[in-house]
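Chemist: First to last, the protein sequences are chains A and B.
Numbered as in our numbering, the first sequence ends at 500 without a single skipped number.
Numbered as in our numbering, the second sequence ends at 202 without a single skipped number.
Just so you know, the hints here were simulated from the structure itself, not pulled from any lab data.
Quantities reported herein were computed from a predicted structural model and do not represent experimental measurements.
Accuracy of the hints is not assured; some may be wrong.
Beta-carbon label-pair distances, calculated as ranges [what the hints assert, rightly or not]:
no., chain 1, residue 1, chain 2, residue 2, range
1, B, 147, A, 427, 31 to 39 Å
2, A, 140, B, 166, 24 to 32 Å
3, A, 336, B, 90, 55 to 63 Å
4, A, 374, B, 75, 38 to 46 Å
5, B, 90, A, 271, 49 to 57 Å
6, A, 496, B, 166, 45 to 53 Å
7, B, 142, A, 271, 53 to 61 Å
8, A, 374, B, 93, 29 to 37 Å
9, B, 90, A, 394, 48 to 56 Å
10, A, 218, B, 90, 44 to 52 Å
11, B, 166, A, 233, 24 to 32 Å
12, A, 240, B, 142, 38 to 46 Å
13, A, 172, B, 166, 36 to 44 Å
Taking beta-carbon pairs under 10 Å as the criterion, some of the chain B residues facing chain A (in silico) [unchecked claim]:
no., residue
14, 89
15, 99
16, 128
17, 131
18, 132
19, 134
Where is the CB? At the ideal position from N, CA and C, for every residue including glycine.
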Amino acid sequence: MRVYLDNGTTTPVAPEVVEAMLPYFTEKFGHPVFPYSLGQEAADAVERAQEIIARSINARPEEVVFTSGATQANDMAIRGVAYANRNRGRHLITTKVENPSVLRVCERLEKEGFRVDYLPVDAEGFVDTAELEKRLSDETILVSVANVNDEIGTIEPVEEIGEILRERQRKIYFHVNAAAGYGRVEVDVKKIGADLVSLSAHKIHGPKGVGALYVAEGTPIEPVYFGYISLFNLRPGTENIPGIVGFGRAVELMMENFERDVAHMTRLRDRLISGFEEIPHTLINGPRGKKRSPANVSCSFKGLEGESMMLHLDLNGISVATGSACSTTKLEPSHVLTAIGLKAAVAHGTIRFTLSRYNTEEEIDYTLSVVPRVVEQLRRISPVKPEQL
Amino acid sequence: MTVEYTERGMLKYSEKLLERFRNPKHIGEMENPTVVAEEGDPQCGDMFRLYLKIEDDRIVDAKFLSFGCAANIATGDMTVELVKGKTVAEAERLQIKEIADALGGLPLIKMHCAVLSYKTLKKALAEYRKSRAGSVSPPQG
Ligand code: FES
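From just these sequences and the hints, can you work out the full model?
Modeler: Shown next, in the form of structure tokens:
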């Protein structure tokens, strides 16, 4: 049996999405800048996708810019707003548990003379909002927090953060990286009070290489890329039209089935969690229940190493991700696991299982029959006993 | 600027290494070993334990345990295979490169896994020498 449980990394493209994209490769291949019919067809397709995506996040179509993915959207948002507001202040706030596509950009800005605070999180991964209030200053121009943590599934209190920022006299822009949260939790830019939101297509059964950035009207933002402007000032270059069409179709499907899919993933998630809890010396990372992404199960099996576990599960047809130091090039445990206080030796045995609407009950039965066996097998060959950790 | 590894490295293991990882021949505990040595890799947090049974200065049996990645398990298994049946003096001459070569090469980033099993072997052999010092034949080679 083949079971794909790494949907937090990327998802299979929905067949309906592929179908929607196909004509845009060979028949409707025009460039959207010219008003001849082929070009118009492409421009219309972009507009339609903008409308669909805007509706899904309660925004207006003109506020949606297409990008090459959430990584580029994060970079455009953070650097773009930092540069445009540098005269008002040079202080940014983010968290210790953001995706590298946020952290690396912040580190870059530090090199350029900006100051960045990285907020701590508690043992379940929740951002410390009291600490946020303390760090806000007259120099702060931007706060960036993901709505869902991509490693341990914590649903962050972004609405509360939005509220805190709105109450300030001085405008502080709020960026939300919603790549891991889109399709798992509601993303309403008005409710959140977000000025910028990053989205990704390939995590919601759309194609890779396309994403979007929501920029609330009136947000001062400088382009960080330069070149030939096609449709969007912020993002030069010819648009990935088939990708954008696919993204739009993926969002349509996501919105049509949102409640059903969330309920389905939640049920499978909770089955996995209760199954893993029966394995001795196992920790579930992140919160339980409503404050956890319906798609995420992060588990530390003490006394074994995650890369070995990942490869053994792969031998059994199951694809997962790991937070083990061994699986990174820096040989450091995941920064998220470190931030929630996991000892390196425990982080060592961390596996992330992430669900999608396509996973089935049978796949969960199978996974629950394989995982305990592999855990036992690896613990048997380990010199470190789980009870020592 | 050079192209660097990605955050979650791009790892490509050789078929040989993967085969070893899937079916290690020498993994497990040993009862009554002559020496046991343990080493940890401070970089990634692994532990490696090696058991040697030595008779008349010859390694008649060897086994290992690993709290580590696929490369760690494979290099551990290969290290054991390369020294089993050898004399202590022969085992002392083993090189890290031989371990890696026998596995069809190692990704650069995983070289330290081979180093770990190698270091543990050296430690075990040194301990053996120490325990024998003065009692049996002097170290040779
Ligand atoms: S044991 Fe950690 S990288 Fe090999």
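Chemist: For each hint, tell me whether it holds in the structure or not.
Modeler: Evaluation of the provided hints:
Distance hint check for residue 147 of chain B and residue 427 of chain A: the Cβ-Cβ separation is about 36 Å, which falls inside the suggested range of 31 to 39 Å. Range check, residue 140 of chain A to residue 166 of chain B: about 44 Å between beta-carbon atoms, so the 24 to 32 Å window is missed. Checking the proposed 55 to 63 Å range against residue 336 of chain A and residue 90 of chain B shows it holds: the Cβ atoms sit about 58 Å from each other. With their beta carbons about 45 Å apart, residue 374 of chain A and residue 75 of chain B fall inside the hinted range of 38 to 46 Å.
Distance hint check: the CB atoms of residue 90 of chain B and residue 271 of chain A are about 52 Å apart, consistent with the given range 49 to 57 Å. For the pair residue 496 of chain A and residue 166 of chain B, the beta carbons lie near 33 Å from each other, so the given range of 45 to 53 Å is not met. The given range of 53 to 61 Å is respected by residue 142 of chain B and residue 271 of chain A, whose C-beta atoms sit roughly 58 Å from each other. For residue 374 of chain A and residue 93 of chain B, the hinted distance range of 29 to 37 Å is not satisfied, since their beta carbons lie about 57 Å from each other.
The given range of 48 to 56 Å is broken by residue 90 of chain B and residue 394 of chain A, whose C-beta atoms sit roughly 26 Å from each other. The hinted range of 44 to 52 Å is satisfied by residue 218 of chain A and residue 90 of chain B, whose Cβ atoms lie roughly 45 Å apart. A C-beta distance of roughly 44 Å is found between residue 166 of chain B and residue 233 of chain A, which places it outside the suggested range of 24 to 32 Å. Our hint of 38 to 46 Å for residue 240 of chain A and residue 142 of chain B is violated, since their Cβ atoms are close to 56 Å apart.
Residue 172 of chain A and residue 166 of chain B have their C-beta atoms about 53 Å apart, which leaves the hinted 36 to 44 Å range violated. Given the 10 Å rule on beta carbons, the hint for residue 89 of chain B holds: about 7 Å separates it from the nearest Cβ of chain A. Interface hint status for residue 99 of chain B: upheld, as the beta-carbon distance to the closest one in chain A is roughly 6 Å, under 10 Å. Checking residue 128 of chain B against chain A by beta carbon gives a least distance of about 4 Å; that is within 10 Å, so the hint holds.
Annotation: residue 131 of chain B was flagged as interfacial toward chain A, and the flag holds, the nearest CB pair being 5 Å apart, inside 10 Å. Contact between residue 132 of chain B and chain A, as hinted, is supported at the beta carbon level, the nearest pair being about 8 Å apart and thus within 10 Å. A least Cβ separation of about 6 Å between residue 134 of chain B and chain A falls short of the 10 Å threshold, and the interface hint therefore holds.
When held up to the earlier numbered hints, the structure conflicts with 2, 6, 8, 9, 11, 12, 13 and fits the remainder.
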